[in-house]
Structure formats: structure tokens, C-alpha cells
Amino acid sequence: LDTSEDTKHFVNLSWPDMGQIMIGAAITGVVTSAVLLLVANLGVFGAVCGLGSANPASCGTPTFYTVLSAMVVAVIVGLIFLVQRRVYRPALVMLATAVGLWPVLTWLAASSWYVIVPVITILMALSIGVFSWISRLRNLAVTLGAMVAIIVLIYLATL
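Position in the sequence shown (first residue = 1) + 1 = the numbering used here.
Some hints could be false.
[Stated by the list, open to error] Just the calculated beta-carbon pair ranges, DEER-fashion:
1) P119 / T64: 17 to 23 Å
2) I24 / L145: 25 to 31 Å
3) V143 / L43: 18 to 24 Å
4) A111 / H10: 40 to 46 Å
[To be verified] Think about it this way: if two alpha-carbon atoms lie no more than 20 Å apart in a straight line, the pair counts; the simulated SDA-like pairs of lysine to any residue are:
5) K9 / P119
6) K9 / W134
7) K9 / G146
Keep in mind that the hints were calculated from the coordinates and are not lab data. Note that CB positions come from ideal geometry on N, CA and C, so glycine has one too.
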């Protein structure tokens with residue numbers, strides 16, 4: 002199966018390119034795991050938003066900010082890899098990945114490092130890979146519809 006041929010409905014993406022995207026996505030997952038663990042273990046947001054804060058209600062939960070920090074880093078690192086590989090609509094791929102994996106990262110934030118690192122690495126690689134594959138579609142409405150359907154399935158699976 003050769004997908005390197007540019008067609009009327011799809012943008013060119015070869016199997017070697019897809020492999021490199023998956024490797025970059027796995028690296029993005031490792032970096033995301035490291036940031037999540039670092040921020041969670043340092044307790045930065047817990048200390049800032051704790052009982053000694055002037056307005057602790059304005060901080061929300063520390064887990065939210067921990068996951069937000071990890072996702073911001075993930076989007077930046079992922080965008081760098083996707084732009085280098087010339088993926089079609091890289092920002093859309095990373096947006097869909099961030100939105101889709103948000104509940105999973107929130108759920109995993111309290112886990113041990115030996116659970117967080119492999120699970121986030123695998124899920125990030127799968128998510129970026131799938132959304133990169135879908136983003137090849139030239140029709141933006143179909144691309145968005147497929148991405149939203151996958152995100153809804155992820156959210157339903159994490160209920």
C-alpha cells in the first residue's frame with residue numbers, strides 16, 4: 002500500500018513520513034510526561050493556590066494547571082515535529098490532540114511515573130498519528146467532522 006501518490010481528496014503522506022511522525026509524537030509524549038511529573042511533583046500550583054493564598058478559589062484545582070502546563074508544552078513540541086515533517090494542518094492536529102487527550106491526562110495526573118510515562122507516550126503517539134492521517138483530507142469539513150467524532154469517542158470512553 003503506497004500512500005505517497007497525491008490524489009484529488011488526500012494530501013501526500015508516505016509511510017516513511019508517517020513513521021517519522023509517530024517517532025516525533027512518541028518523543029512529544031515523553032516530554033509531556035516529564036513536564037506533567039515535574040510540575041505535579043514540585044507542587045508549584047498547589048503552593049500558589051493553597052490555603053495561604055489570598056484568594057484560593059480563583060486558582061481552581063492544581064491538577065487543572067498541571068495538565069494545562071503539560072499540554073502547552075506538548076502542543077509546542079508537537080507543532081515543531083509536525084512542521085518539520087510538513088504535515089498538512091499541523092495546528093489542527095495538535096489542537097485535536099490536546100482536546101482529545103485532556104481528560105486522559107487529567108485522570109492520569111495522580112498516577113505513578115511508571116504508569117504516566119508509557120501511557121502518555123503511547124496515547125500521544127497514537128493520537129498525533131491518527132489526527133495527522135485524518136488531516137490529509139483536503140475537505141476541511143470532513144476533516145473536522147472525523148476529528149470531532151474521534152474526540153467524542155475519547156470523551157465517552159473516559160466517563
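Each hint, compared with the structure:
1. The hinted window of 17 to 23 Å between P119 and T64 holds, with their beta carbons roughly 20 Å apart.
2. Hint check: I24 to L145, Cβ distance near 27 Å, so the stated range 25 to 31 Å holds.
3. Separated by about 43 Å at the C-beta atoms, V143 and L43 break the suggested range of 18 to 24 Å.
4. Under the hint 40 to 46 Å, the C-beta atoms of A111 and H10, about 43 Å apart, fit the expected range.
5. Between K9 and P119, the direct Cα distance comes to roughly 38 Å. Violation of the 20 Å bound is thereby established for this hinted pair.
6. Restraint check: the Cα-Cα separation between K9 and W134 comes to about 16 Å, which is no more than 20 Å; the hinted pair holds.
7. A C-alpha spacing of about 19 Å is found between K9 and G146, which places the hinted pair at or below 20 Å, so the restraint holds.
Hint compliance for this structure: hints 3, 5 are not met, and every other hint is.
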